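Enquirer: Below, each chain spelled out in residue letters.
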Amino acid sequence: MMTTTTLQVQAQASSSFAIRIPSSSFTSPLTRSPHRFVVRAAVDPSEKSIEIMRKFSEQYARKSGTYFCVDKGVTSVVIKGLADHKDSLGAPLCPCRHYDDKPAEAGQGFWNCPCVPMRERKECHCMLFLTPDNDFAGKEQTISLDEIRETTANI
Amino acid sequence: MAVSVWASSSSTIPSSKYNNLFAAAAAASSSSFSNSSSLKFPLQRLPITWVCSPSPSPSRPRLLPLVKAKKQTFSSFDDLLTNSDKPVLVDFYATWCGPCQFMAPILNEVSTQLRDTIQVVKIDTEKYPSIANKYKIEALPTFIIFKDGEPYDRFEGALSADQLIQRIENSLKVKQ
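Chains as they are written, first to last, in my numbering: chain A, 13 to 167; chain B, 64 to 239.
Calculated directly from the structure, the hints in this document are not laboratory data. Only a predicted model underlies this, so the values are computations on that prediction, with no experimental measurement involved. All residues carry an ideal CB built from backbone N, CA and C; glycine is no exception. Where hints are given, some of them may not hold.
[To be verified] Calculated lysine-lysine pairs in the DSS-like style (CA-CA distance at most 30 angstroms, straight line): (1) A:K114 with B:K236; (2) A:K114 with B:K190; (3) A:K75 with A:K114; (4) A:K134 with B:K199.
[Claimed, not checked] In silico contact screen, one side only, chain A against chain B (beta carbon under 8 angstroms); selected entries: (5) T87; (6) E135; (7) L140.
Between the sequences and the hints, there should be enough to build the whole structure, so can you do that?
Expert: Here is the structure:
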């Protein structure tokens, strides 16, 4: 039997809303976590996937001898995009492409990061992994979770 | 399908790198063109951002022209193209595409600089996959310059403001 939950929606100065959902006997993904949920215009991928893709990006940059963009915001957005696809499709499909059928593409694998063009020719049009000669390439192969949060705060 | 076109309200130097153009909603003044009375289906807002040309400045001298927000509703994307008196630069993007977000402030700047030459519109390919499919969009960002409602020029990838202006001017053969 489900107990009634009361939702308190508070409009804050920013465009996000805080919804407090007290725990109830009815188990749902929402009530399992005691944290408040902030609803933004673009839904963020899960923290777990962001962390996985962040670690992957650092490792792969080192392995391939490529560097992150001078503008870490670009790197952060792509990492979140990969995490978002990992959540929804089970595989980190390239976020900088339009697809007819996303699940089919994720199953096929050509555009799963690291995609074939990257593996074969170090071509990353997402500007995630940049060869040293690229105008936009920075000098770093690391990115912290804080950097990701800060640079994507207003998306 | 009803299409709402939102303009960004921003100065030419954005305060943050990733201008959320949809946030301009709060400051937007709207004018509606659609024939909503004849629609059976709910009015569907197309989150197209129409980066508007700045209005003539008042007597007070201003260093940077302000871009006024303008929301317009069209019954379809085709309608938007037909009703435009200038060529239209369409930016096909996705929320989590890094280079697309990188281009946001650059598009603001280019729209201001080329205000008499071209109109800038952004389309979220995840919200409107049918439009993206129609124009065979693959890599993001893809830019298509529409002239008289038809694709005239097309290019992919992020580029600087100067490069983008160069490309647009060369394509339209209009020199500033």
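Enquirer: Each hint should be assessed against the structure and marked as holding or not.
Expert: Hints and how they fare:
Our distance criterion of 30 angstroms between C-alpha atoms is broken by K114 (chain A) and K236 (chain B), whose separation comes to about 39 angstroms. Only pairs whose Cα atoms come within 30 angstroms are accepted, and K114 (chain A) paired with K190 (chain B) is accepted, the gap being roughly 14 angstroms. A C-alpha spacing of about 28 angstroms is found between K75 (chain A) and K114 (chain A), which places the hinted pair at or below 30 angstroms, so the restraint holds. Taking the CA atoms of K134 (chain A) and K199 (chain B), the gap is about 25 angstroms. The hint holds against a cut of 30 angstroms.
Nearest Cβ of chain B to the Cβ of T87 (chain A): about 7 angstroms, under the 8 angstroms cut. The hint holds. Because the closest C-beta pair between E135 (chain A) and chain B is about 11 angstroms apart, greater than 8 angstroms, the hint is violated. Proximity of L140 (chain A) to chain B holds as hinted, the smallest CB-CB distance being about 7 angstroms (cut-off 8 angstroms).
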